[in-house]
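Undergrad: Sequence:
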Amino acid sequence: MPWLQAHLEVEKSQAPLIELLFEQLGAISITLADAEDEPMLEPPPGAMPLWSHTRVTALFENSTDADDLRARIDRTLSRDNSQKLRLEILEDQAWERTWLEHFRPMQFGQRLWICPTGKQVTAPDATVIHLDPGLAFGTGTHPTTDLCLQWLDGASLKGRTVIDFGCGSGILAIAALKLGAARAIAMDHDPQALIATHNNAVQNAVSECLETCTPEDFHPEAADVVLANILANVLTALEDSISPLVRPGGQLILSGILEDQAQAVMQAYEPGISFLPPARLGEWVRLDGTRT
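Mind the numbering: the sequence shown is residues 1 to 292 in our numbering, read in order.
One should not assume that every hint holds.
[What the hints assert, rightly or not] Calculated pairs, BS3-like style, for lysine-lysine (alpha carbon to alpha carbon, straight line, at most 30 Å): (1) LYS178 to LYS158; (2) LYS119 to LYS158; (3) LYS84 to LYS12; (4) LYS119 to LYS178.
[Stated by the list, open to error] Label pairs and their computed distance ranges (CB to CB): (5) PRO2 to GLY272: 26 to 34 Å; (6) HIS198 to LEU238: 17 to 25 Å; (7) LYS84 to GLN120: 40 to 48 Å; (8) HIS7 to GLU259: 23 to 31 Å; (9) PRO2 to ALA71: 17 to 25 Å.
It is worth saying that the hints were derived from the structure and are not from the lab.
Every value quoted in this text rests on a predicted model; they were computed, and no experiment measured them.
Built from N, CA and C at the ideal position, the CB exists for glycine as well.
Input sequences plus hints: build the corresponding full structure.
TA: The following block contains the structure:
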């Protein structure tokens, strides 16, 4: 089948948001490149510089709704940037399989691993999630997902109930179950994400403990842990939907937040949620909160 390739040129400050948005919309692969002719000198260790004008290119299934893609871009950037979006159709190739050949098992924290089909994890006492890059966001490759998986690896989850709000591929809910949670609820407005979550849960033998639903179909209940790895503006707008899902004394983990957005997100949830200092990975942060 043919594939849809999207190109968007943005200022470098906007590139991380567009990269995350494309992943959330189901991009199979994403690349960032120079949109002009700006040489990139060797950066210092640990630095991840971008060009002043960056071209973000993403590969999607051909069934992707281009109008929805444009609308989400404009909402994310709060401006009319979608007019710059260029779309092209690529003839059928095994794009996903080609990319998967370069996808290796990844470790998060001390014991949690994500392992694609055909690969093996030999580390003793490893907790392995079997997951291939596919139709929905969340294979652990983005720093926002990485931050959440690191938190889960270090958390005490035995017997606890977890809500994955905006589940994408379901990776966080599945990780929580494999790390000892008794039950997980995965919510997403996108039916394709719920299908991917269910299939991934079956592949990882945790489907009996996992419920999938849209926010509209969800019957509110308080959980021990609520994880929401979505964009900062959405987290802020949905505070009145997310906060009540955390039981008194329960934990709220928020990700998908750039460092300069963290204070505004925390203010939206306080004083009902008390936060630790943000955990950082590159320019992204995770907020760890407890319901008071």
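Undergrad: All the hints need checking, so say for each whether the structure fits it.
TA: Structure-based check of each hint:
no., hint, in the structure
1, LYS178 to LYS158, "10 Å, holds"
2, LYS119 to LYS158, "28 Å, holds"
3, LYS84 to LYS12, "15 Å, holds"
4, LYS119 to LYS178, "19 Å, holds"
5, PRO2 to GLY272: 26 to 34 Å, "48 Å, violated"
6, HIS198 to LEU238: 17 to 25 Å, "23 Å, holds"
7, LYS84 to GLN120: 40 to 48 Å, "43 Å, holds"
8, HIS7 to GLU259: 23 to 31 Å, "27 Å, holds"
9, PRO2 to ALA71: 17 to 25 Å, "23 Å, holds"
This entry does not satisfy hint 5, going by the numbered hints stated previously; all others are met.
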